[in-house]
Amino acid sequence: MESGESIYEAAIREFHEETNATPKNVHLKGIFTMVIKENDEVVDEWMLYTFVSHGIEGTPFEQTREGKLAWHSIESLHSLPMAEGDRTNLLFAALNEGIQYGTFEYTEDFELLSKRIQTSNEH
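All residue numbers for the sequence shown refer to my numbering, where the first residue is 2 and numbers rise by one.
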């Protein structure tokens, strides 16, 4: 996040910077605490916010410095290579209403040690 920027503004800016497209109808879907542990000691900790967009404006890049951009089916989220916490929050964001909260603890090699998940829905 940049100084004075909300998480909503940061998500839209980051999406645009990384894809060259602007997300539309953006909604918060997850708030997570990410913890890296070594021998039961916390060595790193940060917050992760997951947003969804229902539409984009502009033409996305095909390739970035981080790799090739591609659309994937929701079903493929079960098998694409990613950290298990990312899989958990992306599947929730794609398939459920409401907001998911959680804490994910990993080793320094991103092996999942534990997770605690909560959800809320206004309805």
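Hints may be right or wrong, so weigh each one.
Unchecked claim - Restricting the straight-line Cα-Cα distance to at most 27 angstroms, the calculated cross-link-like pairs of lysine-lysine (DSS-like) are:
(1) K69 to K38
(2) K69 to K25
(3) K38 to K116
(4) K116 to K25
To be verified - Beta-carbon label-pair distances, calculated as ranges:
(5) E98 to I8: 28 to 38 angstroms
(6) I8 to E123: 29 to 39 angstroms
(7) H28 to P61: 32 to 42 angstroms
(8) D41 to I75: 30 to 40 angstroms
(9) G56 to L92: 31 to 41 angstroms
(10) W72 to E18: 15 to 25 angstroms
(11) D41 to A95: 26 to 36 angstroms
(12) Q64 to D41: 34 to 44 angstroms
(13) A95 to T34: 19 to 29 angstroms
(14) W72 to L29: 20 to 30 angstroms
(15) K25 to D110: 16 to 26 angstroms
(16) G99 to T34: 28 to 38 angstroms
Honestly, the hints are just simulated from the structure, not real lab data. Quick reminder that beta carbons are idealized off the backbone N, C-alpha and C, glycines included.
The hints, checked one at a time:
1. This hinted pair does not check out: K69 and K38 have alpha carbons roughly 31 angstroms apart, beyond 27 angstroms.
2. For a cut-off of 27 angstroms, the pair hint linking K69 to K25 stands: about 22 angstroms separates their Cα positions.
3. A distance of roughly 13 angstroms separates the Cα atoms of K38 and K116; the hinted pair therefore holds under the 27 angstroms criterion.
4. The hinted pair formed by K116 and K25 fails the criterion: a straight-line CA distance of about 31 angstroms is larger than 27 angstroms.
5. Restraint check, E98 to I8: a C-beta distance of roughly 20 angstroms breaks the suggested window 28 to 38 angstroms.
6. Distance hint check for I8 and E123: the Cβ-Cβ separation is about 19 angstroms, which falls outside the suggested range of 29 to 39 angstroms.
7. In this structure, H28 and P61 break the distance hint of 32 to 42 angstroms, their C-beta atoms being roughly 20 angstroms apart.
8. The beta-carbon spacing between D41 and I75, approximately 36 angstroms, falls within the hinted interval of 30 to 40 angstroms.
9. For the pair G56 and L92, the supplied restraint of 31 to 41 angstroms is violated, since their beta-carbon distance comes to about 21 angstroms.
10. Hint check: W72 to E18, Cβ distance near 19 angstroms, so the stated range 15 to 25 angstroms holds.
11. About 33 angstroms separates the C-beta atoms of D41 and A95, a value consistent with the hinted range of 26 to 36 angstroms.
12. For the pair Q64 and D41, the beta carbons lie near 41 angstroms from each other, so the given range of 34 to 44 angstroms is met.
13. The hinted range of 19 to 29 angstroms is satisfied by A95 and T34, whose Cβ atoms lie roughly 21 angstroms apart.
14. For the hinted restraint 20 to 30 angstroms between W72 and L29, the CB-CB distance of approximately 22 angstroms keeps it satisfied.
15. Judged by the Cβ atoms, the range 16 to 26 angstroms given for K25 and D110 is violated: they are separated by roughly 37 angstroms.
16. Distance hint check: the CB atoms of G99 and T34 are about 18 angstroms apart, inconsistent with the given range 28 to 38 angstroms.
Of the numbered hints given earlier, the model fails hints 1, 4, 5, 6, 7, 9, 15, 16; all others are met.
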